[in-house]
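Colleague: From first to last, the protein sequence lines stand for chains A and B.
Per this note's numbering, numbering through the first sequence is continuous, rising by one, with the last residue being 318.
Per this note's numbering, numbering through the second sequence is continuous, rising by one, with the last residue being 445.
Incorrect hints may have been included.
Using 25 angstroms as the maximum straight-line C-alpha spacing, the simulated PhoX-like pairs for lysine-lysine come out as follows [what the hints assert, rightly or not]:
hint: 1; chain 1: B; residue 1: LYS388; chain 2: A; residue 2: LYS68
hint: 2; chain 1: B; residue 1: LYS335; chain 2: A; residue 2: LYS2
hint: 3; chain 1: B; residue 1: LYS15; chain 2: B; residue 2: LYS61
If you anchor each label on the Cβ, the simulated ranges turn out as follows [stated by the list, open to error]:
hint: 4; chain 1: B; residue 1: LYS5; chain 2: A; residue 2: ILE230; range: 36 to 44 angstroms
hint: 5; chain 1: B; residue 1: ASN436; chain 2: A; residue 2: PRO7; range: 17 to 25 angstroms
hint: 6; chain 1: B; residue 1: ASP341; chain 2: A; residue 2: PRO7; range: 19 to 27 angstroms
hint: 7; chain 1: A; residue 1: PHE112; chain 2: B; residue 2: GLU23; range: 28 to 36 angstroms
hint: 8; chain 1: B; residue 1: ILE437; chain 2: A; residue 2: VAL234; range: 51 to 59 angstroms
hint: 9; chain 1: B; residue 1: GLN24; chain 2: A; residue 2: LEU4; range: 30 to 38 angstroms
hint: 10; chain 1: A; residue 1: ILE224; chain 2: B; residue 2: LYS152; range: 38 to 46 angstroms
To be clear about the criterion: a stretch of chain A counts as covered by chain B if any three or more of its residues have a C-beta under 8 angstroms from a C-beta of chain B, and this derived list gives those stretches [to be verified]:
hint: 11; segment: 3 to 13
hint: 12; segment: 17 to 24
hint: 13; segment: 89 to 99
hint: 14; segment: 300 to 313
Just so you know, the hints here were simulated from the structure itself, not pulled from any lab data.
Cβ atoms here follow ideal geometry from the backbone N, Cα and C, with glycine treated the same way.
Listed below, chain by chain, are the residues.
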Amino acid sequence: MKKLISPAPHIHSGDSVTRRMGYVILALLPAWGVSLWQFGLGALLVTAISVASCVLFEFLIQRFLLKKASTIGDLSAIVTGLLLAFNLPSNLPWWIIIIGALVAIGIGKMSFGGLGNNPFNPALVGRVFLLISFPAQMTSWPLPNQGFMHYMNAETGATPLAKIANGSLNISLNDLLIGQTGGSLGEVSAIALIIGAVFLLATGTIRYYIPVSILGTAAVFTAILHACGIGTDVLTQLLTGGMILGACFMATDYATSPMTKLGQIIFGVGIGIITVLIREFGIYPEGMSFAILIMNAVTPLLNRLTPRRFGAPKKKKQ
Amino acid sequence: MKTFKIGGIHPHDNKLSAGRRFEQVPVPKEVIIQLNQHIGAPAIPIVEPGEEVKVGQLIAKANGFVSANIHSSVSGKVSKIDTITDAWGTRQQAIFIDVEGDVWMPDIDTSCKFKPTCNLSAEVIKQKIADAGIVGLGGACFPTHVKLNPPKEHAIDTLIINGAECEPYLTPNHRLMIEKGEEIMVGVQILMRALGVDRALIGIESNKQDAIDELDRIAARKEGIEVIKLKKKYPQGGEKQLIQALTDREVESGQLPSSVGVVVQNIATVFAVYEAVQLNKPLIEMYMSISGKEMEQNGNFCARIGTSVKDVVAMIGGMPENTGKIIAGGPMMGKAMIHIDTPVTKRTTGITFISAKSAPRFKASACIRCARCIQACPMGLEPYLLYKKALRQDWDFMEAHHIMDCMECGCCTFTCPSRQPLLDYIRVGKATVANNIRARKSNEK
Numbered sequence: 001m002k003k004l005i006s007p008a009p010h011i012h013s014g015d016s017v018t019r020r021m022g023y024v025i026l027a028l029l030p031a032w033g034v035s036l037w038q039f040g041l042g043a044l045l046v047t048a049i050s051v052a053s054c055v056l057f058e059f060l061i062q063r064f065l066l067k068k069a070s071t072i073g074d075l076s077a078i079v080t081g082l083l084l085a086f087n088l089p090s091n092l093p094w095w096i097i098i099i100g101a102l103v104a105i106g107i108g109k110m111s112f113g114g115l116g117n118n119p120f121n122p123a124l125v126g127r128v129f130l131l132i133s134f135p136a137q138m139t140s141w142p143l144p145n146q147g148f149m150h151y152m153n154a155e156t157g158a159t160p161l162a163k164i165a166n167g168s169l170n171i172s173l174n175d176l177l178i179g180q181t182g183g184s185l186g187e188v189s190a191i192a193l194i195i196g197a198v199f200l201l202a203t204g205t206i207r208y209y210i211p212v213s214i215l216g217t218a219a220v221f222t223a224i225l226h227a228c229g230i231g232t233d234v235l236t237q238l239l240t241g242g243m244i245l246g247a248c249f250m251a252t253d254y255a256t257s258p259m260t261k262l263g264q265i266i267f268g269v270g271i272g273i274i275t276v277l278i279r280e281f282g283i284y285p286e287g288m289s290f291a292i293l294i295m296n297a298v299t300p301l302l303n304r305l306t307p308r309r310f311g312a313p314k315k316k317k318q
Numbered sequence: 001m002k003t004f005k006i007g008g009i010h011p012h013d014n015k016l017s018a019g020r021r022f023e024q025v026p027v028p029k030e031v032i033i034q035l036n037q038h039i040g041a042p043a044i045p046i047v048e049p050g051e052e053v054k055v056g057q058l059i060a061k062a063n064g065f066v067s068a069n070i071h072s073s074v075s076g077k078v079s080k081i082d083t084i085t086d087a088w089g090t091r092q093q094a095i096f097i098d099v100e101g102d103v104w105m106p107d108i109d110t111s112c113k114f115k116p117t118c119n120l121s122a123e124v125i126k127q128k129i130a131d132a133g134i135v136g137l138g139g140a141c142f143p144t145h146v147k148l149n150p151p152k153e154h155a156i157d158t159l160i161i162n163g164a165e166c167e168p169y170l171t172p173n174h175r176l177m178i179e180k181g182e183e184i185m186v187g188v189q190i191l192m193r194a195l196g197v198d199r200a201l202i203g204i205e206s207n208k209q210d211a212i213d214e215l216d217r218i219a220a221r222k223e224g225i226e227v228i229k230l231k232k233k234y235p236q237g238g239e240k241q242l243i244q245a246l247t248d249r250e251v252e253s254g255q256l257p258s259s260v261g262v263v264v265q266n267i268a269t270v271f272a273v274y275e276a277v278q279l280n281k282p283l284i285e286m287y288m289s290i291s292g293k294e295m296e297q298n299g300n301f302c303a304r305i306g307t308s309v310k311d312v313v314a315m316i317g318g319m320p321e322n323t324g325k326i327i328a329g330g331p332m333m334g335k336a337m338i339h340i341d342t343p344v345t346k347r348t349t350g351i352t353f354i355s356a357k358s359a360p361r362f363k364a365s366a367c368i369r370c371a372r373c374i375q376a377c378p379m380g381l382e383p384y385l386l387y388k389k390a391l392r393q394d395w396d397f398m399e400a401h402h403i404m405d406c407m408e409c410g411c412c413t414f415t416c417p418s419r420q421p422l423l424d425y426i427r428v429g430k431a432t433v434a435n436n437i438r439a440r441k442s443n444e445k
């Protein structure tokens, strides 16, 4: 029998890109379950259309434009599809979702060379493109609990963040935690998102530096503003909008976040500050997507920070 | 529990042969003793074909300071001195000896009596160690007498004994600590004398509790020797990692352990030191483990240097049918071999058989910048970046990013979800950068 000769190491952890992506998909399921319960058929259709078109576009682009073997098996297109859907209202017309998926995969991901080479989070590229192109449809969120059979015919209303912006918020903390509010498909239930995030941390898929620094910075900054009489209180700030979804699932995207601990902390602090600034002083009620994209642009710079090296000389030699 | 601070991974330790006592491999009919069994210049043969030799007789002399003596492991007649191709495809000079009887050199103590006391001076001890041809038996084979003579400007205050054995599968150090604990402790005292230190730390990973208990029991009776339990984490046995784990001292990049006042020796080396100093027995036997998940039986063996590895493996049913990879050493840092018909050398610390199914070369996918390699690297380097730059042959960049700090532990490749051959290319970069540095130095002269 032939013997294989190759350099060490001869064993591997068994980890794979597919497994990493699979964990992210699993971690998104609790929040998706809550969306199905809150928004019914709409949530199901939006997710299905988004995921299917993301996978299809990636396949078509790789097969016919780039003429190389398809990598849809690594599940990353499904993750992009899910995250895009999570950032859309559940009554969004199907053709807008398909445009969003095309922008996310085509421009956000494949134009840069595919998985690992994209500077911006593809799902957010798609989402922000839609937000700017179709502001009306993208900001009319269906109200929760209308029964299962609702898609484009759902009744709409303002989200908690929009209500804060016009000063008419009247919602209990409980509702925010379990997701009894209007909003984008996947952002409504803080508890379900936290369960997913804990799973990601436990499996080592993400590290805590980015989520903790984003949420921590946002909390501190909000508290300071609140003490000065500006803006909302800390808990409402953290539990509304895409704060947790963004901090735990979008900002932690491997390719678009810095690689060292220090880089990740600076990245998170930046996102926290920009998000609160946009929310409190900007024209959009929600700032997470923009904050992440802005900090994505800073990532290559932050990647120049090197990790702590073993045995680095303490003083410069004369 | 103590451990090193940066990076590290947790491969399954697979210590399949941990529970098995050492078995003596019978003396073969012929031994092939390589002249290059250590780091440094190959030894120079001092015997002629046809000459009679005894067990423990010097047959090749160290060629310079960084080199090591080589002794006959058997008695008999030298048949030839010839070139062989070893199991890694390199040509080596070797002395062939036909075995006749088992006659030992008269000055070697073969009484099997335990000799606990040593009153020799440091100089005599070091000379005996050099004469016995002892090299670091953790696999690197750096001559031990060189390590015991650190640069004069470095004051040594601590001897560290490496009992971590963090490499998966390998168990010879573990077994030696259990079966030869008393001798090892005497060996530690001898080395302390040789270095003039009054403190020795023995670091053992937590998966060897029986060895920790055994050495701890003996250490209670000795002065200045402390056994320290370490967390199981690879590469705990890396010299710089072990020093940090035990003493919290950090060896600066490019410096020797002696710069922080430490000398590190491995367990098997310490046992060889005991035999050399107390029994006058040179390094002619190797302790090794033979294991693999598909083996009928796993085991630990003591074999004369020059015995064919095939004979050792035959003692437990031979090589498994479906072996895909034969590794000299363990799976993290060991070298793959073509076959097992190769002589035991001072580098042979174990042979690991891995099935064809669990030894694939992966098809790599694109880097997803997950930073796992950065988290895993115990030297705090950025393996993904070094790999990318190696592909582009940007050697200067690699040098500026401290590629020479890499000790090739393999953590990056092991952990990479994209399964990229990171270390393969980093090695290429290291070799090129080392050449560049050498060229630059000789230009300056």
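Colleague: For every hint, state whether the structure bears it out.
Modeller: Here is what the structure says about each hint:
| no. | hint | verdict |
| --- | --- | --- |
| 1 | B:LYS388 x A:LYS68 | 21 angstroms, holds |
| 2 | B:LYS335 x A:LYS2 | 16 angstroms, holds |
| 3 | B:LYS15 x B:LYS61 | 37 angstroms, violated |
| 4 | B:LYS5 x A:ILE230: 36 to 44 angstroms | 43 angstroms, holds |
| 5 | B:ASN436 x A:PRO7: 17 to 25 angstroms | 21 angstroms, holds |
| 6 | B:ASP341 x A:PRO7: 19 to 27 angstroms | 22 angstroms, holds |
| 7 | A:PHE112 x B:GLU23: 28 to 36 angstroms | 60 angstroms, violated |
| 8 | B:ILE437 x A:VAL234: 51 to 59 angstroms | 55 angstroms, holds |
| 9 | B:GLN24 x A:LEU4: 30 to 38 angstroms | 32 angstroms, holds |
| 10 | A:ILE224 x B:LYS152: 38 to 46 angstroms | 60 angstroms, violated |
| 11 | 3 to 13 | holds (count 11) |
| 12 | 17 to 24 | holds (count 3) |
| 13 | 89 to 99 | violated (count 0) |
| 14 | 300 to 313 | holds (count 8) |
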